[in-house]
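S.K.: Spelled out, the chains give:
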Amino acid sequence: MAIRRLLQQGWGGGAKLISTAFFFTMLLVDVAGGYKGRLVVDAAFEVGPRVTALVGPNGSGKTTLLRLAAGVLPAARRRVAVEGAEVRPGDLAYLPTSGGLDPHMLVRDELEFYWQVLGGERRDWAVELLGLKELMGEKVGRLSHGQRRRVELAIVFSLKRRVYLLDEPLKGLDVQLKDAVLSALRELGPYVVFTTHEPEVVEKAAQWVVAVRGGRPSYVGALAGLRKRAVIRARRGGEVVTVETDDVEAKAAELAAAGYTVEEVSSAELRRLMT
Amino acid sequence: MTTAPFVKRAWKVGRAAYGTTFAITLIAGLGTALTFAVVLATIRPEDLIEEASRLPHLPLEVAYANFKALFIMLTAITVAVMAGAVAAMVVGGSIQSDSRNGVYEVLFGNGFAPGQLAKALFYTAMSAATAFYLLSVALTTLVIVLAAPEVWPILPAAALAALASVFSAAALILAVGLAKPQLFKIRTGVGATQNLAYLLALLPSMVLTFVIIPFLISLDVETATIVISAISAAVIVASIAAVLLAPRFLNKEELIAHGD
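Chains W and V, in that order, are what the protein sequence lines are.
Numbering that gives the first Met the number 0 applies: residue 0 is where the first sequence begins, and numbers increase by one.
Numbering that gives the first Met the number 0 applies: residue 0 is where the second sequence begins, and numbers increase by one.
Hints listed in this document are in silico derivations from the structure and should not be mistaken for laboratory results.
None of the values given here were measured: they were computed from a predicted structure.
From the three backbone atoms N, C-alpha and C, an ideal C-beta is built for every residue, glycine too.
One thing to keep in mind: the hints can contain errors.
Chain V stretches covered by chain W per the calculated footprint, using a threshold of three residues with CB under 8 angstroms from any CB of chain W [said to hold, decoys possible]:
{"no.": "1", "region": "88 to 100"}
{"no.": "2", "region": "200 to 206"}
{"no.": "3", "region": "227 to 241"}
With a straight-line cut-off of 25 angstroms between C-alpha atoms, the simulated SDA-like cross-links for lysine to any residue are [as the list claims (entries may be wrong)]:
{"no.": "4", "chain 1": "V", "residue 1": "LYS251", "chain 2": "W", "residue 2": "ASP173"}
{"no.": "5", "chain 1": "W", "residue 1": "LYS159", "chain 2": "W", "residue 2": "GLY119"}
{"no.": "6", "chain 1": "V", "residue 1": "LYS184", "chain 2": "W", "residue 2": "GLY119"}
{"no.": "7", "chain 1": "W", "residue 1": "LYS170", "chain 2": "W", "residue 2": "SER97"}
{"no.": "8", "chain 1": "W", "residue 1": "LYS159", "chain 2": "V", "residue 2": "PHE111"}
{"no.": "9", "chain 1": "V", "residue 1": "LYS184", "chain 2": "W", "residue 2": "ARG37"}
{"no.": "10", "chain 1": "V", "residue 1": "LYS118", "chain 2": "V", "residue 2": "PRO44"}
Let the sequences and hints guide you as you build the complete structure.
M.R.: Shown next as C-alpha cells:
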C-alpha cells in the first residue's frame with residue numbers, strides 16, 4: 000500500500016529508492032481540512048525515518064498540513080501512523096510557527112508550566128542545547144525574536160516523542176544555534192518533519208523531502224533523488240553568480256579558476272520545488 | 000494533576016495583564032459597600048413616612064426594617080456584580096491571553112486533550128469564583144455589622160444571590176471562552192466599546208439587580224426573598240449546565256486563531 004501511494008503521488012526517487020523503502024518503517028501522514036469549512040489541504044504521503052523537510056512556496060499549505068497532522072485544527076480526514084499503527088496524540092510533538100509564550104511571564108515559569116502539563120523528559124538537554132540557563136529569570140516580553148524562538152523550541156525539544164512536527168524551527172536563530180538545532184533534529188526522535196524556506200537547510204538536515212503546492216504533495220521522496228542537477232552560488236567581490244550544472248566538481252573548479260568563491264551548492268530541482 | 004499549573008498561570012497572567020482593572024473594580028466594590036453602609040446608617044424611620052403612607056397596611060417600623068433588609072439585598076447583589084466581574088476577568092483574561100499568545104495551539108498540538116483543558120479551566124473559574132464570592136460576602140457582612148445588625152435573617156438569601164452573581168459570571172465566561180472565544184473581540188463604534196463575552200457573563204447578575212429594585216418600592220421582603228432565591232437557584236443551575244456543556248462545543252479553530 001505504501002509503495003502504491005508513493006507511485007500515485009509521483010514519488011521521484013526512482014527504482015533504487017523504491018526498493019530501499021521496503022526496509023524502512025514508514026511514517027504515514029494522511030490529512031484533509033482547512034479553515035472555517037474551506038478545504039485548504041488534501042494530502043497523503045509516506046516518508047522514511049529520521050528527518051523530512053516539508054517545503055513549498057508561501058501559502059502552499061505547509062503550516063495547515065502540520066496543524067491538521069498535529070490535531071490542532073479540526074480535520075475532515077486525519078491519520079498519522081507508523082506501519083499501520085496509529086500515532087497517539089501523546090506520541091506526537093508539535094512546534095507552531097510562533098507562539099506559546101505570554102509576555103508577562105518569566106521564561107522559567109513558562110517552561111515549568113509546559114513541563115508540568117506536557118512533560119519534560121529531556122528538559123536538561125533542551126535547556127543546555129538552546130542556551131537558556133541565563134535567560135531563565137527574564138520576562139518573555141523582554142526577549143528578542145530569536146531568544147523567544149529558543150524558548151519555544153525548548154518546550155518541544157524537552158518532550159520525548161515518536162513523531163516531531165516542527166513549523167520553521169530555525170526562524171530567527173543565529174548561525175551557530177541553527178547548526179546546533181539542525182544537528183539536534185537527528186537526535187530528537189525516529190521521525191522529524193520540519194518546514195523551511197532555505198534549500199541549504201534541507202541539504203544539511205533532511206533525508207526525505209515532501210514538497211507541497213496548492214495543499215497537495217507535488218513531490219515525495221528521498222533528497223538524494225533531487226540531486227541530479229545542482230545550483231552553485233559563487234561570489235567574486237561584490238558580484239554573485241548562480242549557475243546550474245550536472246557536474247558540480249567541474250563547474251566549481253571552473254568558477255574557482257575564474258576567481259570566484261563557491262558559497263552554496265544546492266539541488267536545482269529542490270529550488271524549483273521550494274519556489 | 001494538570002489543573003494546578005493552570006490555576007497558577009491564570010492568576011499570574013490575569014493579575015499581570017489586568018492588574019489595574021482588578022484594582023479599580025475591587026476599589027469600586029469596596030467603595031459601593033461603604034457608600035451603602037453610610038446610606039443605611041444615616042437613614043431614619045421618619046425619612047420613610049411618605050413611602051409608608053402609600054402602604055397603609057405597613058406600620059412605619061416594619062417599613063423601616065423591610066427597607067433596610069431590601070437595601071442589604073441590593074448591596075449584596077451590587078457588590079457581587081463587581082466581584083463577578085473580577086472573577087470573570089481572571090478566567091476570561093487567562094483564556095483571552097493564552098489564545099492570543101498561541102498557548103492553546105502548543106497544548107493541543109502536543110497531546111493535551113480539549114477535555115483536560117476544559118477541566119483545568121473549570122477549576123480556575125471555581126478558584127476565582129470562590130475567592131471573590133467570599134470577598135463579596137465579607138463586604139456585605141461588614142455592611143450589616145456596621146449599619147443594620149438587626150437584618151441578619153436576610154443574609155442567607157443575599158448570600159445565595161451573591162453566589163449566583165459570582166458563580167454565573169465565572170461559569171459563563173468559561174463557557175463563552177471555550178465555545179465562542181471570538182466574542183472576546185472588542186468591537187468599537189462611535190462612542191461605544193463592546194465586549195460581548197463579558198456582557199453575557201454579567202447578564203444574570205444584572206437581571207438580579209434590576210429584579211430587586213421594584214421591591215424597594217413595595218417594601219415586600221417576603222416576596223422579594225422568594226423571587227430572588229428562585230432566580231438565584233435557576234441562575235446557578237443554568238451556569239452549571241453551561242459549564243458542563245461547554246467542552247462539547249469547544250471551538251479549537253477559534254481558540255488557536257491568535258485573535259484579540
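S.K.: State for each hint whether it applies.
M.R.: Against the structure, the hints:
1. Counting residues of the region 88 to 100 of chain V whose beta carbon lies closer than 8 angstroms to any beta carbon of chain W gives 3, which reaches the threshold of three, so the coverage claim holds.
2. With a cut-off of 8 angstroms between beta carbons, the region 200 to 206 of chain V has 0 residues touching chain W; three or more are needed, and the interface restraint is violated.
3. Under the rule that three or more residues need a Cβ within less than 8 angstroms of chain W, the assignment of the region 227 to 241 of chain V is violated, with 0 such residues.
4. Restraint check: the Cα-Cα separation between V:LYS251 and W:ASP173 comes to about 33 angstroms, which exceeds 25 angstroms; the hinted pair is violated.
5. Of the supplied pair hints, the one linking W:LYS159 and W:GLY119 holds, its CA atoms being roughly 8 angstroms apart against a limit of 25 angstroms.
6. In summary, the hint linking V:LYS184 to W:GLY119 is not supported, as the alpha carbons are separated by about 34 angstroms, beyond the 25 angstroms threshold.
7. The suggested pairing of W:LYS170 with W:SER97 holds, with an alpha-carbon distance near 9 angstroms, which does not exceed 25 angstroms.
8. Pair hint W:LYS159 plus V:PHE111 holds up; C-alpha atoms about 15 angstroms apart against a cutoff of 25 angstroms.
9. Between V:LYS184 and W:ARG37 the CA atoms are separated by roughly 23 angstroms; this keeps the pair inside 25 angstroms, and the hint holds.
10. The straight-line distance between the Cα atoms of V:LYS118 and V:PRO44 is roughly 51 angstroms, outside the 25 angstroms bound, and the hint therefore fails.
When the structure is compared with the earlier hints, violations turn up for hints 2, 3, 4, 6 and 10 and for no others.
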